[in-house]
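Protein chains in written order, with our numbering: chain A, -4 to 391; chain B, -4 to 391; chain C, -4 to 391.
Careful, some of the hints might be misleading.
Any copy will do: because identical chains look the same in the list, a pair fits if it lies in one copy or spans two.
In silico EDC-like links for lysine to aspartate or glutamate, alpha-carbon gap of 20 Å or less [as the list claims (entries may be wrong)]:
id, residue 1, residue 2
1, Lys374, Glu67
2, Lys122, Glu197
3, Lys17, Glu133
4, Lys374, Glu325
5, Lys154, Glu189
6, Lys374, Glu2
7, Lys4, Glu325
8, Lys36, Asp218
9, Lys328, Asp369
10, Lys85, Glu191
11, Lys122, Glu191
12, Lys17, Glu357
13, Lys154, Asp101
14, Lys206, Asp218
15, Lys36, Glu125
16, Lys354, Asp369
17, Lys17, Glu97
18, Lys36, Asp181
19, Lys338, Glu125
20, Lys374, Glu49
21, Lys206, Asp119
22, Lys17, Glu200
23, Lys374, Glu97
24, Lys154, Asp1
25, Lys85, Glu123
26, Lys17, Glu49
Think of the hints as simulated: they come from the structure by calculation, not from any bench. Treat the numbers as computed from the prediction; the structure is a model and nothing was measured.
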Amino acid sequence: MIRTTDEFKTLVEEIQAQPNYKNPIAFGICRIDASQLDNEKVLQATYPVINWNENFGSAAIFIAALKSCGIEVDNTQSEVSVNITFDFVKNAIDSFNPYLAEAVGDAHRNVQVIIQLFQLLLDDGMKEGEFRVVFLFEDAACVSVEATYLKLYALSQAKAELRTLNLNGAFGALPNVAWHGNTPIDLDYLRINEIELKLRNEYPEIDFVDKFPRFLQHIIPADNTRILETAKVRFGAQLHAGTTVMPGASYINFNAGTTGSVMVEGRISSSAIVGAGSDVGGGASILGVLSGTDGNPISVGQNTLLGANSTCGIPLGDACIIDAGLAVLEGTKLSISTDQLEKINIANPEANLTGDTFKGKELSSLNGLHFRQDSISGKMIVLRSTREIKLNADLH
Amino acid sequence: MIRTTDEFKTLVEEIQAQPNYKNPIAFGICRIDASQLDNEKVLQATYPVINWNENFGSAAIFIAALKSCGIEVDNTQSEVSVNITFDFVKNAIDSFNPYLAEAVGDAHRNVQVIIQLFQLLLDDGMKEGEFRVVFLFEDAACVSVEATYLKLYALSQAKAELRTLNLNGAFGALPNVAWHGNTPIDLDYLRINEIELKLRNEYPEIDFVDKFPRFLQHIIPADNTRILETAKVRFGAQLHAGTTVMPGASYINFNAGTTGSVMVEGRISSSAIVGAGSDVGGGASILGVLSGTDGNPISVGQNTLLGANSTCGIPLGDACIIDAGLAVLEGTKLSISTDQLEKINIANPEANLTGDTFKGKELSSLNGLHFRQDSISGKMIVLRSTREIKLNADLH
Amino acid sequence: MIRTTDEFKTLVEEIQAQPNYKNPIAFGICRIDASQLDNEKVLQATYPVINWNENFGSAAIFIAALKSCGIEVDNTQSEVSVNITFDFVKNAIDSFNPYLAEAVGDAHRNVQVIIQLFQLLLDDGMKEGEFRVVFLFEDAACVSVEATYLKLYALSQAKAELRTLNLNGAFGALPNVAWHGNTPIDLDYLRINEIELKLRNEYPEIDFVDKFPRFLQHIIPADNTRILETAKVRFGAQLHAGTTVMPGASYINFNAGTTGSVMVEGRISSSAIVGAGSDVGGGASILGVLSGTDGNPISVGQNTLLGANSTCGIPLGDACIIDAGLAVLEGTKLSISTDQLEKINIANPEANLTGDTFKGKELSSLNGLHFRQDSISGKMIVLRSTREIKLNADLH
């Protein structure tokens, strides 16, 4: 048993000094929901705490605890997931001993996990495979459910920036399941038991059928964040504090979200990002990489308004407006008058636009654009918006 | 104990004749959901019955019952909320004695509340602060959760007309909470207990995170009203009998709604009102005072059609049509031919429109307009709609 | 007791040979949810198994079992629904005797129902009217809840093609109820018990109020079908395997759906059908027969794209595109240049289009159309789409 924090630090250093030792880029302990039909088939991984390029001491303790149980963590793999045993927990709690008393609130969250697990195992015993410790040693394509969830946690807890993680393979790694509240149900379990469940009035209420869970099943939002309907935000989305997601036509996919307070009444498709003070109007669509944009992810700047039922198919800068109902796509031809062009060039010193007609793509990421359809001529035009480019004023 | 209805009336008159006595504009008894962390922090108030400019006798009995418990209701405050004790209930039930037997169905609903409360307290005892009696003496800005809910009930039960109540301060009064079914959960409770709840598989299913509950948590709709998804109607909305709310892109915010049978497949934003026989098409947006209309709330008349994915930014009269996909905003320039203008003027005798181009705002609230984009010229035009102006024919 | 499969077959033939015997077009055994206030008022019928023009032997056994209980099934009625008794189950299980052992998985599903029912009745006894056997002898207008559900099951399980069943009377047959998970609640029950339920904190969470349940309450989707929010698909919709329904602005009504893998982010209104490989973009609307199309149901072909927030008011062939935000209605005037017209005629050999302007209706069901608004002139144009007409290439 480790008795002092100095002893703890020495222990960690010894572990880390072992040949070929490598700090994981991420790790955590999760509870597994397995298939009702097959205890080996993982349907969901719930992490009370994740670590992302941090807390390497705890990682070392976990790796050493596994070793003491006879399990060698192979850090040449991109991801490693190991069933937890009581001995593992006991070994870790002995190592964490100097921190047990002060592990409360935001302090020593990994230690808190071990303490709770210890208590839980004493209370209830454990089911083989219910708890696992998972390590990522490389941000490679997703293989296991546990590692995929670890990355989705990192995105949704803003420990990793949107679009920075390798999510290839996620759709393959995650099984498609029926969700009853937070519980994933194997579709085959329903099929096999349909007759009995229906006749006995025990057929479960199914909230949705998907590979991904919902954001609110795993994440506690900030006090000033509002999500008026859980279905509207997929796990793996990132919502900055102060974001409001309305229940009308809105949706925020995984690996997409907001980087400031944003009003969301429309769709932020996969890989799209919206900046502080912007308003995604009712039914507005920001196209995602999975469809509509040839794989160029769309960022929308700050204080930009996407009008109701508008469609945004190009990246936008700050303080832009797309009028209600308009679609601005990469190929949309947009007319700009000479005087408006001058103002737009002033607002965007590096743009140096010349001409009178532009494709949407050519106006990507500029600030202060107001997209409008002239209702007399039917022409799609761009004006210098009368919005202030508030937050980034010092740039211009 | 009061023995006859005459004795009851005399008692009420005596209470009301006391110096400085004032009838409340609204009152009711509610059950409180408090924070899981702080019994003093109110998260929700559930009223089985509310009274709005009515049943002043019951109010007098409640005020007198409080007085007999040593509590003086300060009617110079805009709102008063007091914890209920067993003595209060006992005192009230003694006063209501002549009505106890006949308090069933729609009769004597406040008496029914007291009877049920009496029985419940006998069965289960009570938790300090679980039940409160709340009075509004003035329609001032909202301060307490209880008083805010009282106003939202008045709107959703159509005891007060939309837009007639002072809802300032509502966002400040209501805490942002996680909702598990009808139960509000303090976000800090989830934070503090996240590790234990997740490891023990007891993390609650969170349906949404918002300050407001949903309409169906508190209101029983009419037999011919349909709400195909509870998330689509916020508490504080008002739905006239016969309204149908579809689950696609629709949403009805608080202090907004319908005044007749309406098909709702789009968004009725805060403060917007739609009349009988109208159809808010799939994805259509009616702009609200919180964004898009400079604070002029939008009313849509009767038998009006907002086409799929249209946006309505001006008030409309009866029998109008906005074609699918169009946005009609205050500044939209709209062309009207001479012959159509004549027909429009006939349908709107007080309009006296002259000219050939109008801003959307100038056509506010007129009847029989058909907004269309000429698909050859791209011009936005207005025609006299071929719809009948059915319900208000006698006006024209 | 029947001892061999030969005896069984003989029995069935004897039953079927009786005078005026008629095979039902559909039948099944269902569990009934009755009103909380009136055991005779049916709110929902849950079928573990339905039969649609199949398994006539089981039907014969059921009809004979009823007869042995003294109940004559009147096959001159379009629908017959009879309460099940223990004697009925006992009689049926005796007839099914040779199949009891092999009734597992996909084999002998009706026998499985009887076995489970037998066990359930032994375990728990039964409530009068809880289980019913239902026959359809003719596809006439819907009368009972049970028969209406039988038809909705047939559609949602793809045992009947969309638009082929007589659903007249369905809205009249189904009561409007409050749904708490899979449980329908009589609105009057809530009204009568509102005060007690609210004060005792037992008021049920109401998920929606509608005549129809949701698809996922009764149907188990294919492994590669995803429905990200249960509210988005009404019971009676048909989803081909591989269809994905997103939770933003989408909705699929009853008697509507997909005939192949389709991405659904918009609305498929009642009676609309979408073909394999097509993409109903975010917020796109396909108009339904209940509004907008004069009763001509819309089919959308294969590999067709309805852009975000577009509105489709005409039938479309394969490999079409409606650009984001556009509305193509029956009366929309569409311009086609000479060279594009030639290409469109080649892609549609039977069309023989001549001229330069067409109404939307005139272009119904053609392949390879690309609907666009020229953003310089505002004109609505149609081009030959550059999409491959993938799946049906051999037709052209």
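With identical chains, the pair Lys17 and Glu200 could be close in the same copy or across copies; at 20 Å between alpha carbons, which is it: within, between, both, or neither?
Classified as neither; 45 Å inside a copy, 37 Å across copies.
Discussion item. Within a copy, between copies, both or neither: which one fits Lys17 and Glu357 at a CA-CA cutoff of 20 Å?
Written reply: So Lys17 and Glu357 fail the 20 Å test inside a copy (46 Å) and across (68 Å) alike.
Checking Lys354 and Asp369: alpha-carbon separation at most 20 Å within a copy, between copies, both or neither? Classified as both: same-chain Cα gap 17 Å, cross-chain 13 Å, threshold 20 Å.
Same-copy or cross-copy closeness of Lys154 to Glu189 [CA-CA at most 20 Å]:
between (42 Å within a copy, 18 Å between copies)
**OP:** Give the relationship of Lys122 and Glu197 under a CA distance limit of 20 Å: within one copy only, between copies only, both, or neither.
**Re:** between (25 Å within a copy, 16 Å between copies)
Regarding Lys206 and Asp218, is the shortest C-alpha distance of 20 Å or less found within a copy, between copies, in both, or in neither? For Lys206 and Asp218, only the inter-copy Cα distance (10 Å) is at most 20 Å; the intra-copy one is 28 Å.
With identical chains, the pair Lys85 and Glu191 could be close in the same copy or across copies; at 20 Å between alpha carbons, which is it: within, between, both, or neither?
between (42 Å within a copy, 18 Å between copies)
Q.
Regarding Lys374 and Glu67, is the shortest C-alpha distance of 20 Å or less found within a copy, between copies, in both, or in neither?
A. neither (67 Å within a copy, 69 Å between copies)
- Message: At most 20 Å between CA atoms: does that hold for Lys338 and Glu125 within a copy, between copies, both, or neither?
- Response: So Lys338 and Glu125 fail the 20 Å test inside a copy (62 Å) and across (61 Å) alike.
For Lys374 and Glu49, with the copy left unspecified, which applies at a CA distance of at most 20 Å: within, between, both, or neither? neither (54 Å within a copy, 58 Å between copies)
Item to complete: Tell me, please, which holds for Lys36 and Asp218 at an alpha-carbon limit of 20 Å: within, between, both or neither?
Response: between (36 Å within a copy, 15 Å between copies)
query = Given identical chains, is Lys374 near Glu97, meaning Cα to Cα at most 20 Å, within a copy, between copies, both, or neither?
reply = neither (67 Å within a copy, 71 Å between copies)
When each numbered hint is compared with the structure, violations occur for hints 1, 6, 7, 12, 17, 19, 20, 21, 22, 23 and 24.
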